[in-house]
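Use the sequences and the hints to build the structure in full.
Number of protein chains: 4
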Amino acid sequence: MKVLTPPMGWNSWDCYGAAVTEDIVRANAEYMAKNLKQFGWEYVVVDIQWSEPDAKTHEYSPFTELCMDEYSRLIPAVNRFPSSEGGKGFGPLAEYVHSLGLKFGIHIMRGIPRQAVHRNTPILGSDHTAREIAKTNSICAWNTDMYGVDPDKEGAKAYYDSIFALYAEWGVDFIKCDDICRELPHEEGELVLLSESLRNCGRDMIVSLSPGPALLEKAELYKQTSNMWRITDDFWDKWDLLYNMFERCEKWSCHTGAGHWPDADMLPVGAIRQDYSPENRTAFTFDEQKTMMTLWSIFRSPLMIGAEMTKFDDETLSLLTNPDILGMLKNARHSHQVWRRNIDGAEVILWVAVNSEGGVYAAVFNAGEKEIETAIPLTDIELYETYSVTELWSGESFRNTDTLKVKIPSHGAEAFLIV
Amino acid sequence: MKVLTPPMGWNSWDCYGAAVTEDIVRANAEYMAKNLKQFGWEYVVVDIQWSEPDAKTHEYSPFTELCMDEYSRLIPAVNRFPSSEGGKGFGPLAEYVHSLGLKFGIHIMRGIPRQAVHRNTPILGSDHTAREIAKTNSICAWNTDMYGVDPDKEGAKAYYDSIFALYAEWGVDFIKCDDICRELPHEEGELVLLSESLRNCGRDMIVSLSPGPALLEKAELYKQTSNMWRITDDFWDKWDLLYNMFERCEKWSCHTGAGHWPDADMLPVGAIRQDYSPENRTAFTFDEQKTMMTLWSIFRSPLMIGAEMTKFDDETLSLLTNPDILGMLKNARHSHQVWRRNIDGAEVILWVAVNSEGGVYAAVFNAGEKEIETAIPLTDIELYETYSVTELWSGESFRNTDTLKVKIPSHGAEAFLIV
Amino acid sequence: MKVLTPPMGWNSWDCYGAAVTEDIVRANAEYMAKNLKQFGWEYVVVDIQWSEPDAKTHEYSPFTELCMDEYSRLIPAVNRFPSSEGGKGFGPLAEYVHSLGLKFGIHIMRGIPRQAVHRNTPILGSDHTAREIAKTNSICAWNTDMYGVDPDKEGAKAYYDSIFALYAEWGVDFIKCDDICRELPHEEGELVLLSESLRNCGRDMIVSLSPGPALLEKAELYKQTSNMWRITDDFWDKWDLLYNMFERCEKWSCHTGAGHWPDADMLPVGAIRQDYSPENRTAFTFDEQKTMMTLWSIFRSPLMIGAEMTKFDDETLSLLTNPDILGMLKNARHSHQVWRRNIDGAEVILWVAVNSEGGVYAAVFNAGEKEIETAIPLTDIELYETYSVTELWSGESFRNTDTLKVKIPSHGAEAFLIV
Amino acid sequence: MKVLTPPMGWNSWDCYGAAVTEDIVRANAEYMAKNLKQFGWEYVVVDIQWSEPDAKTHEYSPFTELCMDEYSRLIPAVNRFPSSEGGKGFGPLAEYVHSLGLKFGIHIMRGIPRQAVHRNTPILGSDHTAREIAKTNSICAWNTDMYGVDPDKEGAKAYYDSIFALYAEWGVDFIKCDDICRELPHEEGELVLLSESLRNCGRDMIVSLSPGPALLEKAELYKQTSNMWRITDDFWDKWDLLYNMFERCEKWSCHTGAGHWPDADMLPVGAIRQDYSPENRTAFTFDEQKTMMTLWSIFRSPLMIGAEMTKFDDETLSLLTNPDILGMLKNARHSHQVWRRNIDGAEVILWVAVNSEGGVYAAVFNAGEKEIETAIPLTDIELYETYSVTELWSGESFRNTDTLKVKIPSHGAEAFLIV
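Residue numbers (the working numbering), protein chains in the order written: chain A, 1 to 419; chain B, 1 to 419; chain C, 1 to 419; chain D, 1 to 419.
For the record, the hints were derived by calculation from the structure and aren't laboratory data. The structure displayed is predicted, hence computed values, not measured ones. Each hint should be verified, as a subset may be incorrect.
Treat identical chains as interchangeable: a pair holds within one or across any two.
What the hints assert, rightly or not - Straight-line Cα separation of at most 27 angstroms, DSS-like style, residue types lysine-lysine; simulated pairs:
| # | residue 1 | residue 2 |
| --- | --- | --- |
| 1 | 34 | 153 |
| 2 | 218 | 251 |
| 3 | 370 | 218 |
| 4 | 330 | 251 |
| 5 | 153 | 56 |
| 6 | 407 | 311 |
| 7 | 34 | 330 |
| 8 | 407 | 370 |
Given below as structure tokens:
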């Protein structure tokens, strides 16, 4: 599926881990429809372990029993997703999300349930069984639910066709597939098989690959098999992870665009880790959150909100609904880092992008530990005249200038439109 | 268990793979008792998959059903080992082997059966279950029977105590433990736990670790937890594998002795791969077999015959019953490679060892592609007088000489006692 | 010195190696002034060994005697550059080149002449001597003329100040400094010292660093100390070197612009290697030459002609004077590779850049061994309307199209302006 | 030259660096003849820079002027070695050392003097000049005296023949050749050329290669071209360097013997670094010195005293003249490390060797930070009876024992003869 802008949405992982429930999903969808939809936010994604009845937190239960249909396919746990009762799966929930004008997504793990393999259950549309298609030495390093599927085995294609047929029937718009991104080149065959089944299932779905870090030398394959792929391991609210993202984005920037997006991962803003305590909030400062939104937007990463949205404060809401920043996400082209330089003892980073609607975007980041105040000549981004410059967070404008005048606190950022 | 000489015996793998049966074991034990025992051969070892009813060849059946007792412990498949009927396990077979004046060994895999984990069966002497002690991301790369056991979990020690108690009860003398040698450092904790349970089980058993290549930097750990450990992946009847062994033996030679033996693996001589065809015979030339026996003996590797012994021809029998070569296996001390050198276009390798009963052993190998004829000065091994020299394969002797006169065909060897 | 476009010129290396003479330089300058200047070509650069009286070919004479003034500074060999007689150095030649409306450049080696060190000659403007400033273990790997200068030694700055003062006095506009690009991080201190002396010498000079491959992780340092730096070892007329350049350009593309240019090296076109035979011509096919010019231009590498220009044929001249291709060199911004993909068995590479005067550039390369004919959707470069497209080599135009229709021979290229 | 025992002697480096003088050499030779000769000490070696008139300490003077004859050969500086006056070189000093019943050695650097190359002086017995045989990119990393000699150049052999002819004429018995040990594989050709010239010079000389660490994979080449080669960089009186030596000796032990000796470097005992202050003494404790002597002796490293011997105290003298320890140096065979193990919180190391005159040597080292007291079973070294055991430093004996009872202070050692 070709998408013109980076996907924007919400995912249950940062706030509920393996334990999200239907009522939470509905409440967040309703909030999004009311408060965020008009800014472009549209995907509502149920993350990992929705077929596990006993999931409680972000931790996984080893070798736990999962809900499965008679064809080795995982289905939602009815105790957590009541509307799935009677074999209806995620159909009713998807329908509700669609009724709000939004799109619905689910998480899946590469492979076939181990319980299907050990019970040797059948594959729909095939004479083969789960045991016959499992790849003998392919397991996930951090979760015990699945075996990999061996793409060379007969029955493997039938299995992948059968699960995507089910998801299409449910009305799924977005698949986050896990254990299949940094796992190359070992699991390359399974990725290709899976993406072909998905593309031919009869319904357009975004494909998101996880976990990172993706392999730079496999960039062409990610582009051809998916819409977005993770460039880091799980991203959380720690400065060193955010700092580290500059280098990752630098390397991946030329692979962004035309329906394929290197993915800097979810935005751990607002009320996260709610499965541990409803009091939990992001550890990022607001300046760090602006840095994150600025970098993700000029780099054009997909944006997935990690918060329990119904608990948004005004500041967080403003962070995610700045039309100029989100405009940069949509219209930036050919983004890349320009330099990374010590200025007055602070590490300063300059990015540039072309605005497809006219003008040039620039972003300046202060990765240092103290405020900086400086003027960056526009000649550094090969603009040799004078221009009108608007800072996108503050709205402040300058006319007839040949520099970017910045005053940025530690770990903060400014973003500019230059016309 | 401290053993004074490298273990010598027979193992079913090279001839029957995963599919050996009780009658074959008995026939080979009888042959050994009659023809080989007097030369020091004593262990009769049943290799992998003895709990699998349907095993046919060297190939493994993915996710196959295994015979297991109510405490998650594997037991022999009765169809293949009839005397195990009625819960007697390997007791009767061990008893028979003992009655022949020999010792009995079995193969095990590190870990706990996956079928036990997925059925969540109990652990003897513990409130814990198989599911609770399995290590979530620890599987064998080439066999789907087991999960690793997590040494940090309660119940893990009880499980290992319970299996070695069973083997002690059966009368087992030798444990070949697989998937636990080259798997360090990841599975180091499980190796330590396993070796402690085994040492405290109340019966002396040799511990043999597999598969190789072992890690040289873990030499001290192998010495402390086992009697022998594999220095290569499976060794078969191919010259390049034999050629390669010189370098492995060179590196491991200083770790040999006092009850711990780097293991160059089984001897693929005579009638091997019998599960595929009874016509199959080793691809090694007789010179290559002499090279193998000479290197294994001066290096003091354990010796495990890979053949169906009842089909021995005279030449093969002579290879394995040369008392002078086997004397070198027992009495060599401080063995090491002296040099590796080009002589007249052939690569020649010289080893030396002290004879604990007096004199010095030397072995000369022709790793080149043509016959060599040369005289190696005894000063190369720091012998500065004249000596009596006997070549151990031919029995030929020289008096008052200060050289080793050798005439060795391609891939062949000569072995000397110098007094 | 800040330059707005990649430098364009001629350098004597590809055609005359270490042995160019004044009359050759003058003849080529005259040719350039008459035939190329109007297209933007302006630098005339004398390459290595101009101080060596006996240089004959591309080979270096070990430990040869060089012409040097009383202050340890190399000066032109009068037998090869007669106008330098009487201590006038390159002043008269530079003056002549300037009189033609062109600019004059010379090659230097990092460091101080070994003959100065061993004779312990003085440094101008300093009490120190050559011996005192030489870095003891710093030599060039392929030329014996110099020792490195130790930036921590007193007198080191005086030496570099003294040589650039001399070059400024001569009227030099361009310095190609050798043995100082891939030599980082070892010689980083000397690079910084040298670039500071040069920048403060009172005359604007382009600084070009050689040889490559430059170190990607030192990109910021190259930008800050030079105008251009080599991203390969010497580039010659061989397809594998050209093929290899795609990956180099992909990695370096984001470091291009605003007065600093990753340098893909000279253009080995036309009559090269004239020191060996006046009959020698480039081994590149014309399609390969178009690929080279297209890649260098969209990537915005500096362009340095390697040929004896007076021997140009019409085809070669046309290659170097296509105003649309040279326009792309000047106006491309934010260039980057888009994809590299197998199409009908051929490896096809797509590049894109923004035109600072409006529209978008694209280049399609056929790195395969057979002709390809295909249509590349403009959506691949995120253009979602229909456009007018002009192929820059043929001048052929298409209106209202949403693809790039290409028919490209093996090793060939097409370049497009899309508006 | 084949030597039966590791060379033992004195070298001027540790006490006088680059600045030793004739009177010092004579005084130390006289001391050795009187006090050490009867224990096997015999070589008196003049280390680096004897041709440099101005050398003062351990530091080198960059590009300094050296004394050289008309054939590009370095000769002693007369101001430092007065007896060399009139072109007599080291002849008179060698003669004096010989008159004391000792042997005389000198240090040389691989290559040809740079001053010869830059002056283009002749090579004896050849039409070629220094400039023609120098290897253009071969210099020493830490000393500026020489260029490497290119073995492929005509004249190279003549040069090496000419210098060894001179040394033979002087009566030199021992050549320590520097910049040629860890420099492989680059300078392998020069090593082979040099060793052939030396072997054919008409006089037996020991060849010692420096500096280390030598390359283990080149062991056979060192054996074939030299008598001893350094397995470390310069060894000094620091515990971490001594601690580190255990691993080096472990790896190199199988390459010891029959006239070729991995060299653990000089013994920094007693009065060292005398060029900086006559008060300087080794920083090793006496226990550490015993550890060093024990390890060097059981490993059979060459022994070269680093002290100003005339300042020996009784303890140091006793350290170097223990006949049982020196007996182990001479008679140990097949030495190797047995294990390295934690005992009561201290790291303990066990070595073993065969005594060529009967019995077995063992050494126990306490590499930990506290005293240990333990009994090591003789079965660890495969001795399965009871024996008489004598500790060689204390002379204490035990009869009918099956253990080594040790009580060793931190960083100390005990050595045993077991018969």
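*Quick one: residue 407 to residue 370, C-alpha cut-off 27 angstroms, is that within a copy, between copies, both, or neither?*
within (11 angstroms within a copy, 56 angstroms between copies)
*State whether the alpha carbon distance between residue 407 and residue 311 is at most 27 angstroms within one copy, between copies, both, or neither.*
neither (31 angstroms within a copy, 58 angstroms between copies)
_I want to check one pair: residue 218 and residue 251. Are their C-alpha atoms no more than 27 angstroms apart within a copy, between two copies, both, or neither?_
both (13 angstroms within a copy, 15 angstroms between copies)
*State whether the alpha carbon distance between residue 153 and residue 56 is at most 27 angstroms within one copy, between copies, both, or neither.*
Answer is between: at 21 angstroms across copies they meet the 27 angstroms cutoff, but 36 angstroms inside does not.
*asked:* At most 27 angstroms between alpha carbons: which applies to residue 370 and residue 218, within, between, both or neither?
replied: This pair counts as between: shortest inter-copy Cα distance 25 angstroms, intra-copy 38 angstroms.
*Intra- versus inter-copy proximity for residue 153 and residue 34 (alpha-carbon distance at most 27 angstroms)*: neither (48 angstroms within a copy, 49 angstroms between copies)
*If the cutoff is 27 angstroms on CA atoms, where do residue 330 and residue 251 land: within, between, both or neither? Let me know, please.*
Both, since 20 angstroms and 25 angstroms are each at most 27 angstroms.
*Within, between, both or neither, where residue 34 and residue 330 count as close if Cα-Cα is 27 angstroms or less*: within (21 angstroms within a copy, 49 angstroms between copies)
Of the numbered hints given earlier, the model fails hints 1, 6; all others are met.
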